[in-house]
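Guided by the hints, dock chain V onto chain P, whose structure is given.
Sequence lines, in order, name chains P and V. Mapping of the first sequence onto the numbering used here: residues 18 to 276, in sequence order. Mapping of the second sequence onto the numbering used here: residues 411 to 670, in sequence order.
It is possible that part of the hints are untrue.
[Unchecked claim] Only some residues are given here: those of chain V computed to face chain P with a beta carbon under 8 Å:
1. 561
2. 565
3. 566
4. 569
5. 570
6. 571
7. 574
8. 575
9. 579
10. 586
11. 587
12. 667
Worth flagging that the hints you see were computed from the coordinates, not collected in a lab. By construction, the Cβ of each residue, glycine as well, lies at the ideal position given by its N, Cα and C atoms.
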Amino acid sequence: MAGDFFLKGITIISIENIKKTFMVKNNQIEVIGNINIQIKKGKFISFVGPSGCGKTTLLNIIAGLESPDSGRVIISSKPSKEMIGKIGYMHQKDGLLPWRNVIDNSVLGLEINGIKRTQAYEIVRPLMKQFGLSEFEEAMPWEISGGMRQRVALLRTVAYEPEVILLDEPFGALDALTREDLQFWLLQLYQKLNQTVIMITHDIEEALILSDKVCVLNDSPCSIVKNIDVPFEKSEKHRNTSNVEFAKLKSELSYAIRE
Amino acid sequence: MINKTHEKYDLINIISLPTLVILSLLIIWQIITLILDIPKWLLPSPITILMEIYNNFSLLIRHSLVTIQEIFFGFIFALILGIALAISIDKSSVVEKSIYPLVIASQTIPIIAITPLLLVWIGYGIFTKIIIVALISFFPIVVNMVDGLRSTDISIEKMAITLGANKFQLLTLIRIPSSLPYLFSGMKIGISISVIGAVIGEWVGASSGLGYLMLQSAPRFQTSLVFASIFFLSIIGISLFTFIQVLEYKLVRWNRFSNY
Chain P
18 MAGDFFLKGI
28 TIISIENIKK
38 TFMVKNNQIE
48 VIGNINIQIK
58 KGKFISFVGP
68 SGCGKTTLLN
78 IIAGLESPDS
88 GRVIISSKPS
98 KEMIGKIGYM
108 HQKDGLLPWR
118 NVIDNSVLGL
128 EINGIKRTQA
138 YEIVRPLMKQ
148 FGLSEFEEAM
158 PWEISGGMRQ
168 RVALLRTVAY
178 EPEVILLDEP
188 FGALDALTRE
198 DLQFWLLQLY
208 QKLNQTVIMI
218 THDIEEALIL
228 SDKVCVLNDS
238 PCSIVKNIDV
248 PFEKSEKHRN
258 TSNVEFAKLK
268 SELSYAIRE
Chain V
411 MINKTHEKYD
421 LINIISLPTL
431 VILSLLIIWQ
441 IITLILDIPK
451 WLLPSPITIL
461 MEIYNNFSLL
471 IRHSLVTIQE
481 IFFGFIFALI
491 LGIALAISID
501 KSSVVEKSIY
511 PLVIASQTIP
521 IIAITPLLLV
531 WIGYGIFTKI
541 IIVALISFFP
551 IVVNMVDGLR
561 STDISIEKMA
571 ITLGANKFQL
581 LTLIRIPSSL
591 PYLFSGMKIG
601 ISISVIGAVI
611 GEWVGASSGL
621 GYLMLQSAPR
631 FQTSLVFASI
641 FFLSIIGISL
651 FTFIQVLEYK
661 LVRWNRFSNY
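The following block holds chain P by itself, in its conformation from the complex:
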């Protein structure tokens, strides 16, 4: 079965003894203190932690944008620095180019990777349908809603088929209702695309709804304090936010964050 295959799946991301300190006014501040985790192909992992705990720095290191002081990140048996351009990274701000319409924003990643625009359109069009954006191809970013902009940003991230997708509070700037819709939609999409995803968020419920594994981070320095496998089947998860086990896990995790 496909499920069994992924349980035994191969490690795609290996985060090994990452440490990072920043100098602030002659004081060394340890931001990340020894993070160690292996992530298997096709899994959805969430890092949950309080804001300002160094989550984004961690994600930047995984993306290869920043270097750790010690330790290393290996993705598909290569150091992450060499994987820039092959990792999808979606930020909290959608970062849509205001001078490009929806479809031209969606093909940006393909275009940067050397694919001609007309050809890129062909690749992106079927995805536009899945993302519910087909009717808005020609719309400019300022003409569409925040939730839609976020979907365009995600489409841009997945369109060039990166092996790993990093999400930095992808729905952080949205209202609760839109957020819930997009979480459910992302869950369905993730099952179809089957890519490896790392998401950081401060929302425990969001992490439990979407991921296979939730890692709780605490701050100063940022390190993993708790690590749980989410026991629900992907398809039922969305419905289960009110059941007893979900609530139990949620309180367990929020307790771990506050510790």
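Chain V alone, transformed into the frame defined by chain P:
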């Protein structure tokens, strides 16, 4: 969009209000010259100037074409040079430290002081005026374009880097497009002062052009021809400015809607 009717209303305002102001000024001017019986060589009335334009239309057009040519080529020259220089200032700190201060220093020298030198070096032909126009209009283009390139949203640039963009792609796909609103501001200032540049060039030494025509007419007390030349110059200036504004409207429409 909500702005449709608003824009239409604006367009009527843009055209009708200045026209109204100018018309009333002209009427007052006409009345004053009639009442005080001011001689034609001192201050011609609007109607006299209009007659002058009508009688010398082909002469005015001939000289206008020369001035337009000087402005056009000078401005294009300034635009190419300005954009290239702005990009190199933005790219390299060596260029920034060595050239940028010179660009700024060059603006402290009045253009009218260099003009006689240019005449000696280059001659009385059209090329001297093209250089003067370029010199005067290139400064606002460079300064604004440099500011524009530097105003690029860092989060957008970071996003493009994660998509794998190299330095060249960052420049062409992200930095240059986001600098366009600034470039257009520079171009609008540049085109307005390039008209001044052309006239200065013609005053110092020329055998044609509207500046030359003014210089020829004034000592002969053909004051209405001076006014006619001024009228043509302002028409040229306004048309060029409007052309750039239309271009801006087409190319950076996004700038008025997005909030960064």
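Numbers of unmet hints, in rising order: 1 and 10
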